[in-house]
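As a plain string of letters, each chain reads:
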Amino acid sequence: EAAVTQSPRNKVAVTGGKVTLSCNQTNNHNNMYWYRQDTGHGLRLIHYSYGAGSTEKGDIPDGYKASRPSQENFSLILELATPSQTSVYFCASGAGTGGERLFFGHGTKLSVL
Amino acid sequence: QQKVQQSPESLIVPEGGMASLNCTSSDRNVDYFWWYRQHSGKSPKMLMSIFSNGEKEEGRFTVHLNKASLHTSLHIRDSQPSDSALYLCAASDYNQGKLIFGQGTKLSIKP
Numbered sequence: 004e005a006a007v008t009q010s011p012r013n014k015v016a017v018t019g020g021k022v023t024l025s026c027n028q029t030n031n032h033n034n035m036y037w038y039r040q041d042t043g044h045g046l047r048l049i050h051y052s053y054g055a056g057s058t059e060k061g062d063i064p065d066g067y068k069a070s071r072p073s074q075e076n077f078s079l080i081l082e083l084a085t086p087s088q089t090s091v092y093f094c095a096s097g098a099g100t101g102g103e104r105l106f107f108g109h110g111t112k113l114s115v116l
Numbered sequence: 100q101q102k103v104q105q106s107p108e109s110l111i112v113p114e115g116g117m118a119s120l121n122c123t124s125s126d127r128n129v130d131y132f133w134w135y136r137q138h139s140g141k142s143p144k145m146l147m148s149i150f151s152n153g154e155k156e157e158g159r160f161t162v163h164l165n166k167a168s169l170h171t172s173l174h175i176r177d178s179q180p181s182d183s184a185l186y187l188c189a190a191s192d193y194n195q196g197k198l199i200f201g202q203g204t205k206l207s208i209k210p
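Protein chains in written order, with the numbering used here: chain F, 4 to 116; chain Y, 100 to 210.
Isolated chain F (complex conformation) (with noise of 0.2 Å):
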């Protein structure tokens, strides 16, 4: 199976400090999403990727930023961390086409204090 592997799988921060979550994936998924998981919201996309160097925004942008430097390797960036971003985040990927199956990783649990 599809091995997307995040780091850290844990996170405590500060009110106003950065944060960067890192996913990577070995299968040569052109796309790449981050999602964060909160009881009754489902998955929200936040940033997704078509590949190296290109990024776009999903749904909820906001607080946000990502990079996606090479085709194994998607970060998600917090410049200025805030509660309301105390979330589960899940970074996935796919092949690239219209009917594409997404592979999770196991998901970053973020504590912002």
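Please keep in mind that the hints were generated in silico from the structure rather than gathered at the bench. This one's a predicted model, so the numbers in the text were calculated from it and none came from an experiment. In this text, a Cβ means the ideal position worked out from N, Cα and C, and glycines have one as well. Be a bit skeptical, because a hint or two may be false.
[Said to hold, decoys possible] Some residues of chain F that are not near chain Y, with every Cβ distance over 12 Å (derived):
hint, residue
1, 9
2, 14
3, 18
4, 36
5, 61
6, 66
7, 73
8, 103
9, 110
[Said to hold, decoys possible] Examples of chain F residues lying across from chain Y (beta carbon under 7 Å, computed):
hint, residue
10, 17
11, 43
12, 44
13, 45
14, 51
15, 104
16, 107
17, 109
Chain Y: place on chain F using the hints.
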């Protein structure tokens, strides 16, 4: 309002019973529907996909799709305790590919 709406929010089904979950998209551009299952503390994993009108069966799981109403449903027969999980419906369109998820249905199977 989320573009993908699921109902019910939660569902309790006795072991061996039938579970029925619903999902509707308000975006008329969608072409594909997906069902993902997420056990507690784990990541979502694809369960089934459906792209054409009609029905698709895989073991105890059956998915229906009505493209005119943009409604899909997932039915689990002979429910087992291991089916207890959060079920997430997602929709995507061919051009963009990105998946938009609903809020999920929490299914509990009671022994």
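Outcome of the hint check:
The claim that residue 9(F) is not at the interface with chain Y is violated, since a C-beta of that chain comes within 12 Å of its own (minimum 9 Å). Under the 12 Å C-beta cut-off, the non-interface status given to residue 14(F) relative to chain Y holds; the minimum distance is some 17 Å. Against the 12 Å criterion, residue 18(F) stays outside the reach of chain Y, whose nearest CB is about 27 Å from its own CB. Against chain Y, the non-interface label of residue 36(F) is violated: not every CB pair exceeds 12 Å, the least being about 7 Å.
Once the 12 Å rule is applied to beta carbons, residue 61(F) is inconsistent with being away from chain Y; the minimum gap is 7 Å. Every CB of chain Y lies more than 12 Å from the CB of residue 66(F), the least distance being 19 Å, so the non-interface label holds. Residue 73(F), annotated as away from the interface, keeps every beta carbon of chain Y farther than 12 Å; the closest lies near 20 Å. The Cβ of residue 103(F) does not lie farther than 12 Å from every Cβ of chain Y; its closest approach is about 6 Å, which violates its non-interface assignment.
The claim that residue 110(F) lies off the interface is violated: its Cβ sits roughly 6 Å from the closest Cβ of chain Y, which falls inside the 12 Å cut-off. Annotation: residue 17(F) was flagged as interfacial toward chain Y, and the flag is violated, the nearest CB pair being 26 Å apart, outside 7 Å. Taking 7 Å as the C-beta contact cut-off toward chain Y, the hint placing residue 43(F) at the interface holds, the least distance being around 6 Å. Given the 7 Å rule on beta carbons, the hint for residue 44(F) holds: about 6 Å separates it from the nearest Cβ of chain Y.
Because the beta carbon of residue 45(F) sits about 4 Å from the nearest beta carbon in chain Y, less than 7 Å, this interface hint is met. With a least beta-carbon distance of about 6 Å to chain Y, the hint placing residue 51(F) at the interface is held under the 7 Å criterion. For the restraint placing residue 104(F) at the interface with chain Y, the shortest Cβ-Cβ distance is roughly 5 Å, inside the 7 Å limit, so the hint holds. For residue 107(F), the interface hint holds, since its Cβ comes within 7 Å of a Cβ in chain Y; the closest pair sits about 4 Å apart.
The closest approach between the C-beta of residue 109(F) and any C-beta of chain Y is roughly 5 Å, which is under the 7 Å cut-off, so the hint is satisfied.
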